[in-house]
Amino acid sequence: MTPSRMLRAGRLALVCLAFFMATAVTFADEPPTPASVEVPLVTAVPAASPAATPKIDSGDTAWLLMSSALVLAMTAPGLAIFYGGMVRKKNVLNTIMQCFIILCLISLQWVLWGYSLSFGPDKGHIIGGLEWAGLTNVGLEPNPDYGATVPHQAFMVFQLMFAVITPALITGAFAERMKFTAFLAFVLLWATFIYDPLAHWVWAVGGWMRNLGALDFAGGTVVHISSGVAGLACALVFGRRVGHGSEAMPPHNLPMTVIGAGLLWFGWFGFNAGSAISSGALATSAFVVTNTATAAAALAWMLFEWTYYGRPTVLGAASGAVAGLVAITPASGYVGPLSAILIGIGAGLICYGAVLLKNRFRYDDALDAFAIHGVGGTWGALATGLFASKAINPAGADGLFFGNPAQFGIQVVAVLVSWVFAFVGTYALLKVIDFFIGLRVGKDEEVMGLDLSQHNEAAYS
Amino acid sequence: MKLVEAIIKPFKLDEVKDALLEIGAKGMTVTEVKGFGRQKGHKETYRGTEYTIEFVPKIKIEVAVSDEQVTSVVETICRTARTGSIGDGKIFVRDLHNAVRIRTGETGGPAL
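In order, the protein sequences belong to chains F and W. Numbering of the first sequence is given in the working numbering, commencing with residue 1 and proceeding in unit increments. Numbering of the second sequence is given in the working numbering, commencing with residue 1001 and proceeding in unit increments.
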């Protein structure tokens, strides 16, 4: 990028920061009034007796806050270095920067309008209103719909971390070739127009997919299908990296990738077990099945690769583990450990197959966002419809293998909707951004490496 | 004066260095290089994408010697670097027009 263009981009960034500040001032929240008791919103349970004042449970709150921190660790440094180790040395800082900056951007976006759009008072089953913008009316008293035993802001900040990691996952698809300015615009727009509505449909009170009965405990559709399919759209719109197919592009630092995978596994306990929004039996169940499915998936991928290619690779084991984590995500609060093993094995085999297919079709999803998150999330969401059992979680449903084929049908609908919405929405967003800003860096910049061309930095001096 | 340039297998470096010091070499320069001759490379696989890596890591030793020492230096390197398998490396002997010791300004033979 020429120096004058860089300055223009920098000035634009300053304007955006000013916009954030203006929005914050506009929605300036009043200090929470501890004495006031919120009138409980209508819940699923018919209120025969006056609803009790929600009471904060310190165990639930502690676990939810800890889980929020765990999920943050999944993005930074987990995903940042998982992806960072897989790109070429000249692009590692840019890759890490993308994850890091998403954490910063969405931390503000969520508080200013994202949380309100996602979980705010329902409008037509499609979106939340702006009544909660700037965290107005999101105080420290529990909200009975969203964590009856924890401060409302604890639920909000937990969800924030999900809103952060979802766009971060997409970065794997367009790694090594996206303009930083276009990236900033894309993240803000995607979060607002794709993630927030989808989260509302699946998780918010009044959301139409929630009303349909779609089961998604921790984000198979909202997080993984959406980001994975968005990744596919990105790979197709961006096109292949310079030299793709002819030049060797092996990972430059696999130890870093494996450390990242370990951090993802570690943090995912917050992602899944934290989604119980309580500390106790359900959180424990989710914790156990998360670990079990992940282990099964890693071994399945490793064995498949060993048979197919002759060697078990560390990248394969790490990728298999992540695929398992993805697949168990929607199912984690509804299935038992033995089902988790089957879900994990399925994830290892199916996602590995998806990676091989990518090589066959030769589209450049650089870090396999689609094969692992899109396909893994799809398998997980469908598997939820197979293996869910009310014996594990009475608030869920039974799946096909437990006598209720209808649930599988509902999951199929949820999957299809997520696919279409994420793909079409992302495609449209990309085209718009491409028109106004341009998506890719210039060819020379790409060859030079994004660390130097976008950031004037070198990772290893 | 001659510059003896030897490309050897990396694990042989210590042996060669010790032997050269024994026969009176005063110093050397060592670089990490990649190359191939008859030795084939290897395959690496990353998520189903296979790369054939043709270049093999080697070590290049450069020693500046007087004309009288060339034969013994070459013979020493050959003896210590040889394993008998493909990829042992090669030695090139170049003419050296001049050498200068930077600290003192000495040139020619005394600079070696």
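Incorrect hints may appear among the rest.
Claimed, not checked - Think about it this way: if two alpha-carbon atoms lie no more than 27 Å apart in a straight line, the pair counts; the simulated DSS-like pairs of lysine-lysine are: (1) Lys89/F x Lys1043/W; (2) Lys1060/W x Lys1026/W; (3) Lys1060/W x Lys89/F.
Said to hold, decoys possible - Computed Cβ-Cβ distance ranges for the label pairs, DEER-style: (4) Ile1091/W x Glu457/F: 40 to 48 Å; (5) Lys89/F x Lys1090/W: 26 to 34 Å; (6) Arg1101/W x Ser4/F: 33 to 41 Å; (7) Leu254/F x Arg1038/W: 52 to 60 Å; (8) Arg1038/W x Ala458/F: 32 to 40 Å; (9) Phe1036/W x Gly353/F: 30 to 38 Å; (10) Lys1090/W x Ala458/F: 44 to 52 Å; (11) Val15/F x Gln1039/W: 56 to 64 Å; (12) Ile1091/W x Gly353/F: 44 to 52 Å; (13) Leu416/F x Lys1040/W: 30 to 38 Å.
Because the hints were derived from the structure by calculation, they are not lab data. Cβ atoms here follow ideal geometry from the backbone N, Cα and C, with glycine treated the same way.
Identify every previously stated hint that the structure contradicts and give their numbers, smallest first. Going through the list in order, the structure violates hints 6, 7, 10, 13 and respects the others.
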